[in-house]
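If you want the building blocks of each chain, they are given just below.
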Amino acid sequence: MGMPIEQSKQTAASPPDVKNEYYEARDFSELYDEYFDRVNRYLRYRVHNPWDADDLTTTVFLKALEKFDQYSRTSPFASWIFRIAHNAFIDFLRKNRELPMDQGEMFLGETDDTWQPEQQALSNEEVELLKDRLELLTQDQKDVLTLRYFADLKINQVAEVLGKTESSVKMISYRALQRLQKMYKEGHRDER
Amino acid sequence: MSDEEHVKQPELQDSTISDLLVHLQRLRQAVPVNYQLKAELKEKLLQRMKELEMSRGETSGKSPWKRKKFWWAVSGIVLLTLSAIIVLSVADPIHLKQQGVVTLPADGNAERVDLRKDGKAIAYLSEQHELVTVMLDGKSTEQHRIELPETDGEYQSLAWANSGQQLAVAEQDGAAGRIWLIDLTENNRSGSFRLLLEEPGAKVHSISWSADDNYLAYTKESEGQAELWLSSTHSFAKQKLADGTQPEWAPINHLLAYVADGQVTVIDVNTNRSKPLGQGTSPSWQTAEQLTYLANGRDMIAVDVNQAAEDPEVLPLPLQAEQSAVRTRWSRHGKKLLLVAQSGKQLIISVATR
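Chains as they are written, first to last, in UniProt numbering: chain A, 1 to 192; chain B, 1 to 354.
One or more hints might be untrue.
Unchecked claim - Quick list of simulated restraints, FRET-style, between CB atoms:
1) A:GLY163 to B:LEU46: 27 to 35 Å
2) B:GLY201 to A:GLY187: 24 to 32 Å
3) A:THR74 to B:ASP261: 25 to 33 Å
To be verified - Calculated cross-link-like contacts (lysine to aspartate or glutamate; reagent style EDC-like; alpha-carbon spacing at most 16 Å):
4) B:LYS50 to A:ASP55
5) A:LYS182 to A:GLU135
6) A:LYS95 to A:GLU66
7) A:LYS67 to B:ASP19
8) A:LYS185 to B:ASP19
9) B:LYS38 to A:ASP132
No wet-lab data here; the hints were simulated from the structure. These numbers come from a predicted model, not from an experiment. Beta carbons: idealized from backbone N, C-alpha and C, even for Gly.
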């Protein structure tokens, strides 16, 4: 997976006495350009209704802008923005009853030319099948896998977003992948 | 038998997990991004940024720099005492090279320590969720401490991979046994870890790496039954090999020594044909053909697995009167021997040569 390279630049904006430590020097606009896709994709996957996901994405970045001066540039922006995104998603779940999932609406019915052409890379049946199987995982397992594979976060960043230890995240990820693997081998869609 | 021979375990060649990860990546790509929103929202954010700047009356976009420093204290229990190299000129075929490199509490498992295959370092599990590596480079015994995964379990045994760059560590968390793999960085200073397997309702211990490091053999104990299992180190694939414990993979892939009903046995993992060698514990391969095991607390037996074990060689161990050997591990080519001996309430870890 093409994991984005976290910025660790030593630029003119970096304090001169800091060496070999993480420092995020980019401004909000640059970070927005990089992280919008990941946040939007993560929320579109989690929320299912694309309009709600887009509203949430807007909320996340507006909130991030308001709080940007609280962001410590010595920790990865990915962890910070996804903590906001994940909390926004949890709040959304609390406030709203999730709409029944509509696979066609979510993944396959889109004809907007501005959307990515690679969406057809997986066949409709495969997408539905994998999506069905992911939905059978526990909430913790879904949180970890979606942050890892949809938001493209590293394990330590997933741990930070979810407030868990790295080993706990690894155990959850292990069990989730093992369960998915079992479903693959058994070839069924309705296990719970 | 040749070094080119490999484990033929089709059940352990599992591509499901890699397929699954590819599908997850594709599914991610199948989730569309709303680029129209991206453009519109950016306009809105830029506008908002201007408003914020104006309302704050600030011109600088710099955030205050907060510097964090993390100081890691090294705990104070010093277990390492290096004694002088003792070269014994008696007829004893095994000589102590470094005695008492590490001392551990006797209630600790003797499997908590292992010798790197090149014989230049040992690793042991400390009491506090730490892996400690000790370099055996001449007079130096430099130590590095690596934090193990933070769990509620207890770490009980470890095994150094043949490459020297990975370690497998067994953890027991209540009824669940787990094996973690630790990738070491240069000079063993730190490591990343991943969960290789979890066995609910079972205890896992006695880990051994295959010569190519692609497989692990381990003991799985549940309901009083000890079984030998093989696991791929790259996927979730695993399978039972035999009943027994203390697996020890030979320098050629397909032979495995283990202990079943008190008998040291060698099994060919490709054919499942096994051969008992004699009563003993702690088998370890000195060479591809030569296997040693502890016959009692004082002597080691050496046998050539290709020969009939009619007249095995007895090797007295260089132990003090009050010491009793509980575990031995050879380095590659049998150059060095890790010797774990119990002495009262302590486990004395020494390095010997033959």
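* Between A:LYS185 and B:ASP19, is the straight-line Cα distance small enough, at 16 Å or below? -> 11 Å, holds
* Asked: Between B:LYS50 and A:ASP55, is the straight-line Cα distance small enough, at 16 Å or below?
  -> 22 Å, violated
* Hinted pair A:LYS67 and B:ASP19, Cα distance within 16 Å -> 40 Å, violated
* To do: Note whether the CB distance of A:THR74 and B:ASP261 lies within 25 to 33 Å or breaks it.
  => With a Cβ separation near 59 Å, A:THR74 and B:ASP261 fall outside 25 to 33 Å, so the hint is violated.
* Given the hinted pair A:LYS182 and A:GLU135, is their alpha-carbon gap at most 16 Å? -> Given pair A:LYS182, A:GLU135 holds - Cα atoms ~14 Å apart, limit 16 Å.
* Within 16 Å, alpha carbon to alpha carbon, are A:LYS95 and A:GLU66? -> Violated: A:LYS95 and A:GLU66 sit about 22 Å apart, past 16 Å.
* When you check the alpha-carbon spacing of B:LYS38 and A:ASP132, does it fall within 16 Å? -> 29 Å, violated
* Is the hinted range of 24 to 32 Å satisfied by the C-beta distance from B:GLY201 to A:GLY187? -> 26 Å, holds
* Beta-carbon spacing of A:GLY163 to B:LEU46 - inside the hinted bounds 27 to 35 Å or not -> Taking Cβ atoms as reference, A:GLY163 and B:LEU46 lie about 32 Å apart, which means the hint holds.
This entry does not satisfy hints 3, 4, 6, 7, 9, going by the numbered hints stated previously.
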